[in-house]
Amino acid sequence: MAGTEEMDEKAKRMRALLSSFYGEDAGSQPATPVRRDTLQGINLPDFDSDRYMQSLLRRTPLEGLLQKHVEMAAEIKNLDSDMQMLVYENYNKFISATDTIRRMKENVAGIESNMDQLLETVTAVRAKSDGINASLCARRERIEELNGTRSLLRKVQFIFDLPKRLRVCLKSQEYGKAVKYYMGALPILKTYGKTSFAACREESEEIIDSISQKLQVQVADDKLSLETRAEAVRLLQQLEFPVEKMVENYFATHWPRLMAALQVVEPETPGLVGRLQGWLWFGTKKVEVEKLADESDGASPQKSMEVLNKDFIGDFTHTAVTYRALFPDEENRLTEAALKLFHEYFANVQKSLKPKTGKPSIVELTAALNILSQDTGNMQKLVPEAGLPEMTEKAVETAIHQHVVAMFSDLYARIIGSLVIDEPTPSKEGEETKNLKPLRAALDNAKRVILFDSVEILRDLRDLLEKCGDLLEGWKDAYIDLVQASFQELFTNLNDHFLHLCSNSQDQVNAPKFQTASQGLVLMLALLSVYIQQTAVPKITEVVGASFVGGGAMGFEARPAFVPSEICRLFYSSGEKFLHEYIDTQARKVSTLIRKSVETPNWLKYKEPRDVRMFADLLLQEVNRVQLEVEQVLDQGSTRSHRRTDSSGSAGSSRSNAASMRDSTGMRDSGSHRTSITARARSRLLERDVAKLFKQKIELFTKVEFTQSSVMSTIIKMCLKTFQECVRLQTFNRSGYNQIQVDALYLRDNLREKVFDNETVVDSLLDEVCQAAAERCIDPIPMEAAILDRLIEAKRAKGS
Numbered sequence: 001m002a003g004t005e006e007m008d009e010k011a012k013r014m015r016a017l018l019s020s021f022y023g024e025d026a027g028s029q030p031a032t033p034v035r036r037d038t039l040q041g042i043n044l045p046d047f048d049s050d051r052y053m054q055s056l057l058r059r060t061p062l063e064g065l066l067q068k069h070v071e072m073a074a075e076i077k078n079l080d081s082d083m084q085m086l087v088y089e090n091y092n093k094f095i096s097a098t099d100t101i102r103r104m105k106e107n108v109a110g111i112e113s114n115m116d117q118l119l120e121t122v123t124a125v126r127a128k129s130d131g132i133n134a135s136l137c138a139r140r141e142r143i144e145e146l147n148g149t150r151s152l153l154r155k156v157q158f159i160f161d162l163p164k165r166l167r168v169c170l171k172s173q174e175y176g177k178a179v180k181y182y183m184g185a186l187p188i189l190k191t192y193g194k195t196s197f198a199a200c201r202e203e204s205e206e207i208i209d210s211i212s213q214k215l216q217v218q219v220a221d222d223k224l225s226l227e228t229r230a231e232a233v234r235l236l237q238q239l240e241f242p243v244e245k246m247v248e249n250y251f252a253t254h255w256p257r258l259m260a261a262l263q264v265v266e267p268e269t270p271g272l273v274g275r276l277q278g279w280l281w282f283g284t285k286k287v288e289v290e291k292l293a294d295e296s297d298g299a300s301p302q303k304s305m306e307v308l309n310k311d312f313i314g315d316f317t318h319t320a321v322t323y324r325a326l327f328p329d330e331e332n333r334l335t336e337a338a339l340k341l342f343h344e345y346f347a348n349v350q351k352s353l354k355p356k357t358g359k360p361s362i363v364e365l366t367a368a369l370n371i372l373s374q375d376t377g378n379m380q381k382l383v384p385e386a387g388l389p390e391m392t393e394k395a396v397e398t399a400i401h402q403h404v405v406a407m408f409s410d411l412y413a414r415i416i417g418s419l420v421i422d423e424p425t426p427s428k429e430g431e432e433t434k435n436l437k438p439l440r441a442a443l444d445n446a447k448r449v450i451l452f453d454s455v456e457i458l459r460d461l462r463d464l465l466e467k468c469g470d471l472l473e474g475w476k477d478a479y480i481d482l483v484q485a486s487f488q489e490l491f492t493n494l495n496d497h498f499l500h501l502c503s504n505s506q507d508q509v510n511a512p513k514f515q516t517a518s519q520g521l522v523l524m525l526a527l528l529s530v531y532i533q534q535t536a537v538p539k540i541t542e543v544v545g546a547s548f549v550g551g552g553a554m555g556f557e558a559r560p561a562f563v564p565s566e567i568c569r570l571f572y573s574s575g576e577k578f579l580h581e582y583i584d585t586q587a588r589k590v591s592t593l594i595r596k597s598v599e600t601p602n603w604l605k606y607k608e609p610r611d612v613r614m615f616a617d618l619l620l621q622e623v624n625r626v627q628l629e630v631e632q633v634l635d636q637g638s639t640r641s642h643r644r645t646d647s648s649g650s651a652g653s654s655r656s657n658a659a660s661m662r663d664s665t666g667m668r669d670s671g672s673h674r675t676s677i678t679a680r681a682r683s684r685l686l687e688r689d690v691a692k693l694f695k696q697k698i699e700l701f702t703k704v705e706f707t708q709s710s711v712m713s714t715i716i717k718m719c720l721k722t723f724q725e726c727v728r729l730q731t732f733n734r735s736g737y738n739q740i741q742v743d744a745l746y747l748r749d750n751l752r753e754k755v756f757d758n759e760t761v762v763d764s765l766l767d768e769v770c771q772a773a774a775e776r777c778i779d780p781i782p783m784e785a786a787i788l789d790r791l792i793e794a795k796r797a798k799g800s
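Counted from 1, the sequence shown has number 70 at position 70 by full-length UniProt numbering; the numbering is strictly sequential.
Calculated from the structure, these hints are not laboratory results. Remember, predicted model here, so these are calculated numbers, not experimental data. Be a bit skeptical, because a hint or two may be false.
[To be verified] Result set (EDC-like, lysine to aspartate or glutamate): computed pairs, CA atoms no more than 20 Å apart in a straight line:
| # | residue 1 | residue 2 |
| --- | --- | --- |
| 1 | LYS177 | GLU231 |
| 2 | LYS190 | ASP161 |
| 3 | LYS795 | ASP749 |
| 4 | LYS394 | ASP329 |
| 5 | LYS721 | ASP749 |
| 6 | LYS245 | ASP329 |
| 7 | LYS177 | GLU144 |
| 8 | LYS447 | ASP496 |
| 9 | LYS340 | GLU244 |
| 10 | LYS180 | ASP209 |
| 11 | LYS589 | ASP635 |
| 12 | LYS703 | GLU622 |
| 13 | LYS437 | GLU622 |
| 14 | LYS245 | GLU330 |
| 15 | LYS703 | ASP635 |
Could you put together the complete structure from these sequences and hints?
Below, the structure is given as structure tokens:
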């Protein structure tokens with residue numbers, strides 16, 4: 001920085017020296033008054049040095065004078081060195097300037113003689129020109145008059161020959177020459193066309209009209225080259241033919257063909273869901289549903305777009321390019337006409353992109369959207385003011401929305417179609433070899449459809465988002481919300497449909513054939529609800545969170561489009577409801593059988609039992625049927641065994657009960673000891689009641705789990721409790737009471753096998769049944785154990 005400042009200071013000093021040497025223009029200096037006795041005026045011509053010295057000596061102390069002396073000495077020294085440097089640096093320039101001045105003096109010396117010669121020559125030329133003008137002045141006016149007459153005669157002759165010339169041009173198709181001839185003669189025809197040249201004008205106009213028609217045909221003829229058609233438009237404009245009419249004729253020729261190219265799209269077909277409704281609610285065969293779901297009417301979106309754009313896009317591009325070449329100043333008319341055409345085009349695009357029946361294909365939709373984007377981009381270059389990007393974005397949004405809805409509708413239909421349970425198919429020998437577990441097969445199929453098909457849809461929709469990212473850029477968040485909301489709606493509708501099916505099964509409880517299938521369906525719906533809650537929804541939520549980041553197009557305050565916790569809560573509640581409904585319905589059916597078996601006989605006149613009643617076989621048959629359904633879809637669960645001692649068990653209770661009955665019988669046979677017998681009978685009854693206090697309490701209404709043991713235990717407990725309550729409402733003789741004993745003993749061992757978690761439940765409840773029968777018996781003498789065992793063995797031998 002210090003070096004730069006020194007160089008600047010040095011340059012300033014040099015300029016000051018040069019200025020002082022060559023002098024400056026006084027007029028260029030500002031008129032600022034400067035005192036002559038100050039240092040600022042030292043460069044003025046009238047600077048008074050004596051006055052300055054006197055002023056300096058008078059005002060400055062000695063130290064200041066000494067300092068001033070030192071400064072002036074240094075300044076003088078610097079000025080001397082600057083002057084020397086200035087001379088040394090500009091020495092060559094001074095020499096070159098001196099040489100240049102010398103050469104200029106030598107060159108200027110010969111110019112004066114040359115200028116004198118040139119002046120003499122110019123004077124001579126001027127004299128000769130004045131002589132020629134003087135000699136021709138008399139004839140010039142006559143020559144100009146004759147030339148004007150000659151030109152007029154030529155024009156008149158041209159006017160008379162104009163019709164002939166135009167015919168020749170018309171015949172040889174030289175329309176450009178014809179227009180040139182006519183436009184050249186038009187001013188004269190307009191002036192004298194009604195007098196001297198009336199016939200020529202009429203004949204010429206007729207020929208020009210024919211030429212104009214020929215030119216209009218050329219403008220509309222696509223077979224001609226673009227240059228020929230543009231030349232025809234230019235000639236028509238020279239003939240003052242209205243451009244608006246030419247544009248109208250152009251559109252009238254080409255627009256109907258473009259509109260016809262848009263009519264290749266097939267009419268709309270009904271949607272899949274609407275066609276499936278009649279089968280979903282009332283169908284009983286899965287084949288019919290699947291066959292209908294696989295049907296596909298109409299062409300794919302990709303093929304429809306290819307057919308639509310095959311003729312239309314190329315024709316429109318050619319038409320628009322030709323129009324812009326023919327009418328470069330009429331862009332607005334093209335935009336207005338194209339807007340009407342594009343509205344029809346995008347209406348057909350909506351029909352082409354609308355999903356057909358069957359499973360929508362995202363690959364075909366992506367290809368169709370790419371075709372649409374590319375073609376509309378090309379058309380946008382031709383008509384930039386038509387707003388094609390906005391129309392395209394709207395069409396893409398509508399098409400994607402329809403496909404997303406169609407995909408979830410198809411998924412919904414396939415899930416519902418998978419809820420149909422096939423009946424086992426017997427082989428030719430009469431043995432069931434196919435579909436031995438239809439409930440398990442239907443459940444696995446429904447699980448596969450729900451999870452894997454949902455993940456497949458998410459994968460397709462993610463591919464659509466990646467491949468059509470540019471088309472979805474404006475409403476990406478809305479698209480993500482649409483996908484999430486579709487899953488929310490799908491599972492909500494599934495839950496509603498499950499509830500509807502369950503209500504149907506309740507309404508048709510009196511239909512035996514329907515009841516068997518529908519109750520298995522209710523159990524399957526319960527397990528399917530648990531699967532959706534525990535597996536499907538978390539997995540789908542994970543995939544949605546990984547593949548569809550964003551959303552919230554409605555704002556942060558709006559409700560989220562996909563709420564997994566709400567769906568899980570719905571299906572948890574529905575699963576519990578379906579399981580309880582299944583248990584209640586099955587228990588109610590078996591209880592109806594028990595109630596009829598107890599209420600139908602006349603127990604006061606019942607004969608001595610010889611065998612187990614048929615009702616026991618029917619009851620076990622129903623329980624086995626339920627167990628077969630339960631075993632297909634439920635795990636066995638934990639096996640807890642609660643054994644009891646003889647003092648509190650069912651065997652001890654039976655012996656106490658039997659002893660009590662025998663003692664009471666002996667007392668009746670001995671009439672003299674009736675009072676003591678009654679006392680001992682009461683003592684036995686008291687012992688029985690005390691023993692019941694130490695029994696394990698049977699919890700009838702416990703929480704039901706999704707296991708075989710829990711479901712079967714609950715159903716059996718409800719049935720045996722019904723058995724006990726029905727027995728309490730009847731009055732038995734001794735044979736009736738013994739028959740209840742036989743039936744209970746037969747059921748005891750068979751029902752124990754059905755209850756895995758607590759085998760004592762069956763013993764306790766059957767003991768209560770026998771006790772209730774004893775209490776309601778007028779002669780409660782129990783059957784001997786040997787006879788009971790013999791009857792049971794005989795029944796088992798007969799059954800085997």
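Okay, the hints, checked on the actual structure:
1. LYS177 - GLU231: With Cα atoms ~12 Å apart, LYS177 and GLU231 stay inside 20 Å; holds.
2. LYS190 - ASP161: Cα-Cα ~17 Å, so holds.
3. LYS795 - ASP749: With a Cα-Cα distance of about 13 Å, the restraint between LYS795 and ASP749 holds, given a limit of 20 Å.
4. LYS394 - ASP329: Violated - the C-alpha atoms of ASP329 and LYS394 are around 31 Å apart, more than 20 Å.
5. LYS721 - ASP749: Holds, at about 17 Å.
6. LYS245 - ASP329: holds (14 Å)
7. LYS177 - GLU144: violated (30 Å)
8. LYS447 - ASP496: Within the cut-off at roughly 18 Å; holds.
9. LYS340 - GLU244: holds (18 Å)
10. LYS180 - ASP209: holds (15 Å)
11. LYS589 - ASP635: violated (24 Å)
12. LYS703 - GLU622: Violated, because 23 Å separates the two Cα atoms, which is more than 20 Å.
13. LYS437 - GLU622: holds (17 Å)
14. LYS245 - GLU330: Given that 20 Å is the threshold and the Cα spacing comes to 12 Å, the pair holds.
15. LYS703 - ASP635: holds (17 Å)
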